[in-house]
Amino acid sequence: MSERIRAMSCDEFDALLDLGNPFDQSDEARQHLQECPRCRELAAAFGGGRGESLPASALAKAQTAALRDLTPVRPLSSPFVAASGTLVALACVILASLLLYGSHGWAARLPWQRASSYLGAGSVLVLSLAAALRERVPGSSLPAPWRYAVAALATLVWTGPFMLYQFQPETRFWPHGAACCCNGLLVGVVSGMVIWLALRRGYLLSPLRTGWFAGVAAGCLAFIVQETYCPVVESGHSALWHGGVVAILGTAGLLMGWRALRSE
Amino acid sequence: MERYQAADEIAATELVRRVSPVLYRSFLAHTRSPDISEDLLQDTWIRVHKARHTYRPPAPVMPWLYSIAEHTRLDGYRRRQRRQGRESTLENAPEPASEQTDDVVQRLTLQKLMQSLPESQRQVLIMLKVSGLSLEEIARIQGSTVGAIKLRAHRAYQTLRALLGGERGAQ
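Listed in order, the protein sequences are those of chains A and B.
Residue numbering for the first sequence follows the working numbering, starting at 1 and increasing by one per position.
Residue numbering for the second sequence follows the working numbering, starting at 265 and increasing by one per position.
Calculated directly from the structure, the hints in this document are not laboratory data.
Hints are not guaranteed to be accurate.
What follows is a list of derived Cβ distance ranges for each label pair [unchecked claim]:
hint, chain 1, residue 1, chain 2, residue 2, range
1, B, ARG281, A, ALA151, 38 to 48 Å
2, A, LEU110, B, GLY396, 55 to 65 Å
3, A, PRO37, B, GLN379, 18 to 28 Å
4, A, LEU255, B, THR277, 38 to 48 Å
5, A, TRP112, B, ARG347, 52 to 62 Å
6, A, SER123, B, PRO321, 27 to 37 Å
7, A, LEU95, B, PRO321, 34 to 44 Å
8, B, ARG346, A, LEU110, 49 to 59 Å
9, B, HIS317, A, LEU110, 47 to 57 Å
Ideal Cβ placement from N, Cα and C applies to all residues, glycine included.
Only chain B is shown next, with the shape it has when bound in the complex (with noise of 0.2 Å):
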């Protein structure tokens, strides 16, 4: 990052191919859409280009990353709110292919199970499970304490071990 602010334009090239994928699939789990999850993936570089002087080492760079890519998430939310009047919900998220590997129900399961949390459980789950940060960097980009983010997730870990038993129960 730093030399990314001293313009090394091969340090700012694999800073992208590190960090991007794992913001990728955050967008993804909040949108389930490829195409806004391309998008906001954009807006947030563009983002953290013209913010690139506002992180000081040798802090860690993944909770000022995430910040910004949340910040972006949530004005590009706002905005597809305002022109559709709602966000996609499920009936028109993708449809999945017929054929799939076990990995990809798997994915499918969690991310229609997270849809019934609570904004603040699922936004602490995708940082955990899915964007791979620590109980710290996720308390340091909520402004909260470890402890609180550790009982968020317990909670919605509790809520999807209801969920899933829920739907072994329907099947």
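Extracted from the complex, chain A is given alone in its bound form (with noise of 0.2 Å):
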């Protein structure tokens, strides 16, 4: 049987399969029916596929468990209002570390150092908070290409001062890299129960993905602070001592997500 059937195709005849039951269709449908038994045969069992009755039983329990407990709730605030809300609030983490810890790192770093890292973090700060806050709701989660986007250009953060600075042995590198990373910690983990402020009401279906999202996207903040305040560019302390709290903070996230996902 070849596949073109005079007036409609059998991929025409699909289109039509996307719209519901094609015996309702048009003339040319119908005939394409009459004239094509693999479309007929199709057509007939997606004819049948919404016969399926629900049992009584069933249903009273579905009734039991929706009825169960019920009180009014306030719905989430708009994605608008939580975006808007939470960058405020990092923005004041970033302001209170900086003053704390103070900003030698800019002057240390060269314009296209700093456009480079600032950029690359920045982006995977947006980028996570915006998929963090849409996994509240069910149903809106970032599309699956965006998701492995934000997890690639964090890895590219972690790597990345490979690329920006030059490596030189430093005399202190440990005892400065682990002051360096604490303090990068404090701040990702204030910026995270900012974050998770935000997101404490709705990360009930993908409680790991919002908790790497969010892990993530503080860790990115931390890096920009410590990038701005560390005076150290050498490409082993920021990979190590800097990117390593984003890998830090994600995983943290992760854990979270999963002991959430347990206690279930």
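Bring the two chains, given one by one in their own frames, into a single complex with the hints.
Rendered as structure tokens:
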């Protein structure tokens, strides 16, 4: 049987299948059904697809589940309100951190290094925050390619310092680095708490993903603060002690999400 | 849904009555077990109840509700996998009754054929043909575009058409 049958092809018939039952469609569709046994069988199989009836016991169970302890609830705030509130709070965290630690790193870096590092970390921060906020509402998750893009960019933030800065063995690599990392973690934890305030009512479906996005966003904010205050311009230091904060907080977010999932 | 959020019992009952058959049919198409589908339906409504504040009017209800149902189904599947080591196969599906109406035969044929489709195509086809969702709603639930969903559906139609031809040839 050829795929093309007079007025209507099988492909055109498929387009009708997307809309509903083609038995109720045009004369051309009916003619196609008469002449193409495969499409007829396909349409007949779909025609019976919706016939299953719901048992009364199942409906009763569903109603009990839906009506248990029924109390009024306040809907989530709009994405715009949640996003702008969180961004303002995070901007305050950045300001407070810079007042506390200073901004010696700004002058120590070349303009293109500053631009690259802020642009990279800033874009991951915005994307992961948007992804985390969208996870609050079921059915609004960021499309998969965007989620992969966030993961890829987050890895770039971690490895980016190797492309931005030269490797120069540092005399106080461990003590200086550990102190820098602790400062970054402190900023990250505070940012994480701010983000959690925005997400706390809406991570029900994908706590793992939400936790990871929130952790990465907090880590990126910490990375930006570290790059601004830390005067050490060296690839090993930046990758391990600055980029490491993104990895640590991303993992911490993932673990918190896993814990929320287990306690469900 | 807004009245459900405001704790209106009548509205909630009506919502459950209208949506449950769609969800049940979808679960049944995936699991082919009425018992598991009943449990999944109940679990879904428990989750909907917990998450009802996350619905934001005037967004369409079905994509929101169906996302919760899909998560419940996948969680249930993982739980059963852990418990049994494998999902129920075609062999231990309930035996069809000896006297079947055309409608039942068609439904069983469709269910059987759909098992041979890849998971992504099967999901789209169940949402489209069993639950009766629109392409736009499915795209929203799947976090994808209408074009991509159409493509998956059309690939599924082609596979099913070939399978139907094969079955007819074998008979």
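These are the hints, each one checked on the structure:
1. B:ARG281 x A:ALA151: 38 to 48 Å: Between ARG281 of chain B and ALA151 of chain A, where Cβ atoms are some 42 Å apart, the hint holds.
2. A:LEU110 x B:GLY396: 55 to 65 Å: Because 60 Å falls inside the window, the suggested range holds.
3. A:PRO37 x B:GLN379: 18 to 28 Å: holds, 22 Å
4. A:LEU255 x B:THR277: 38 to 48 Å: holds, 40 Å
5. A:TRP112 x B:ARG347: 52 to 62 Å: holds, 56 Å
6. A:SER123 x B:PRO321: 27 to 37 Å: About 32 Å separates the Cβ atoms of SER123 of chain A and PRO321 of chain B, which means 27 to 37 Å holds.
7. A:LEU95 x B:PRO321: 34 to 44 Å: Holds, since LEU95 of chain A and PRO321 of chain B (Cβ atoms, about 36 Å apart) stay within the stated range.
8. B:ARG346 x A:LEU110: 49 to 59 Å: Check passed, 54 Å falls within 49 to 59 Å.
9. B:HIS317 x A:LEU110: 47 to 57 Å: holds, 49 Å
Comparing the model with each earlier hint shows no violations; every hint is respected.
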